[in-house]
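Peer 1: Everything in the sequence shown is counted per the working numbering, starting at 9 for the first residue and increasing by one.
Hints are computed from structural coordinates only; laboratory data are not their basis. Check before you lean on any hint, since a few could be wrong.
Simulated crosslink set (DSSO-like; lysine-lysine; CA at most 27 Å straight-line) [unchecked claim]:
hint, residue 1, residue 2
1, K60, K35
2, K60, K13
3, K58, K13
4, K13, K35
5, K44, K60
6, K58, K44
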Amino acid sequence: MARVKPTELFDHFNPQMRAALDEALTKAVPNAEIDKRMLYLEFRLALNRKVKQWENVPNSAVDAD
9 MARVKPTELF DHFNPQMRAA LDEALTKAVP NAEIDKRMLY LEFRLALNRK
59 VKQWENVPNS AVDAD
């Protein structure tokens, strides 16, 4: 098993994660008036509460240099 720091991964993929969440919202609720910035911030806070500082992941999920 490999270990990763989820919050560092979230920070690294921040632009892609935010864009994906925006796209999903637009498709799921196209006419809703949602503050996407606030939703993303709340989403990140919730993720940070749900994960440990270090999480074990299968070796197949990582490729070390």
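Peer 1: Against each hint, give a clear statement of whether it holds in the structure.
Peer 2: Each hint tested on the structure:
1. K60 with K35: violated, 31 Å
2. K60 with K13: Distance of about 8 Å is within 27 Å: holds.
3. K58 with K13: holds, 13 Å
4. K13 with K35: Status violated; Cα separation ~30 Å.
5. K44 with K60: Cα-Cα ~26 Å, so holds.
6. K58 with K44: Satisfied, since the Cα-Cα distance of roughly 21 Å is no more than 27 Å.
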